[in-house]
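Can you make the complete structure from the sequences, with help from the hints?
There are 2 protein chains.
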Amino acid sequence: MAKIRRVADDEAGAKLGIVVNNEDTLKNIRVVLTRPSHPGNIGAAARAMKTMGLDDLALVQPRAFPHPEADTRARGGLDIVRAAHLYDSLEDALADCAYAIATSARHREMRHETMDVRTAAHAALATARSQRVAIVFGNESTGLTAEEAQLCRLWAHIPADDGYSSLNLASAVQVCAYELRMAMLAPASAEAEAPQLASVAQVAQLHRQLVALMSRVGYHDPQRPRQLLPRMRRLFARAQLEVDEVNILRGFLKALDRER
Amino acid sequence: MAKIRRVADDEAGAKLGIVVNNEDTLKNIRVVLTRPSHPGNIGAAARAMKTMGLDDLALVQPRAFPHPEADTRARGGLDIVRAAHLYDSLEDALADCAYAIATSARHREMRHETMDVRTAAHAALATARSQRVAIVFGNESTGLTAEEAQLCRLWAHIPADDGYSSLNLASAVQVCAYELRMAMLAPASAEAEAPQLASVAQVAQLHRQLVALMSRVGYHDPQRPRQLLPRMRRLFARAQLEVDEVNILRGFLKALDRER
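Residue numbers (the numbering used here), protein chains in the order written: chain A, 1 to 260; chain B, 1 to 260.
Derived from the structure by calculation, the hints contain no laboratory data. One should not assume that every hint holds.
One copy or any two copies: either way a pair holds, since identical chains are not told apart in the list.
Listed below are the simulated DMTMM-like cross-link pairs for lysine to aspartate or glutamate, each with C-alpha atoms no more than 20 Å apart in a straight line [claimed, not checked]:
hint: 1; residue 1: K27; residue 2: D162
hint: 2; residue 1: K27; residue 2: D161
hint: 3; residue 1: K27; residue 2: E69
hint: 4; residue 1: K27; residue 2: D56
hint: 5; residue 1: K254; residue 2: E242
hint: 6; residue 1: K254; residue 2: D162
hint: 7; residue 1: K27; residue 2: D96
hint: 8; residue 1: K27; residue 2: D79
hint: 9; residue 1: K254; residue 2: D96
hint: 10; residue 1: K254; residue 2: D244
This structure is a prediction, so every number in the text was calculated from the model and none was measured.
Pasting the structure below:
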């Protein structure tokens, strides 16, 4: 967690009830590319991040990586490509994040909380002062799976033209990174200190514990898993659970389990 | 000037002192790529425009165009590539525009009025309700020449990271097009009706007339042209001259010329 630190300015501001953003806040934003098809897009996304002061790139099952085209397109963002972390699943990539924001330029039927990317950028930065936040991009053609989407708390919408809404992946990263930087540069606002949110990994543990208990008591039938688990997963992702709340719930589940 | 039209909503709004933006306003924004080196960037820029509802693309001395790579990268913006207009000079590309906004992600020493791209987008849209406005992008490596920069009234700055500020050309187009679309989607504001600005061609005529007269009276020495003409050009570009003002000045110069 080396990147997560509170700087002197911020501490001084906190005493006055003022929260200050600075360049370091952007270092707590992770860009996650999920199953990218074209290695050139990975490089171009890294370049886009670099121009806006972001540097934490996560790749979930890229089709081809490392790849010369990723390096070429990265230009000045080559260090970000070289330092990118590879993950087998989106859940792994989000494990140490407070929450994830999925992105889309398309209108969708969905139950997630949706906002424009400008609003989402301000929300992300408020959390990123003290915890890591992920911005998640789906595959160029297929987007995110339903299961992946359930891991995200918010959906940030780039308001594209109805006639053609298919932004290039790196262009979408550029717009989001630009909005994050603009939010960082915005005058400090007097906001309340954000509560300490549980990480995605902590929430996942809670979810697994719940599922295990549900199975054991016969409430959840592993033969027909589709209705209950996604709903619970989406609920947890949306609820923005705090660390204390997760601890309480897990303690409760443990107690219930012992009871039996 | 088929694209320039005032819609019913706007006219109704004008009576109430309210000015309304809509999708048609974006059609009065021209994206000008000046001496682009890579045909792929032309296509990618067209795609970026298409996603945000822009469609007027002008190319000044592209190195290679038409080109298969431009077509490939354009994807859904192929119609914009096909309809792009070619020009020999930036001045020609701007001839029918009220004014031009140059873009940059780099900090520069310059005398132009500089603002961030969000502010510039609002200014451009206010004018684009009734007149064409150009957003000008320089060559990928060399940017705009001093002479080209003098043709632009404003300089829009994408606030990039000091460590690496080199956005991909199409990414810069994407950010600007996105801000134009966001400005278009912003709630209608009660703004005063913008005055009818002189076109770049009208201002250029005024400039030529002035230079001719200066030469004839011996105030301008064509052997040492560099100090006076760029200054006058920059002044005119910055001044945002209205049609009436240009007519008055040109009439005055004509009268002075006759006087001799």
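Discussion item. Could you work out which of the previously given hints the structure breaks and list their numbers from low to high?
Written reply: 3, 6 and 9
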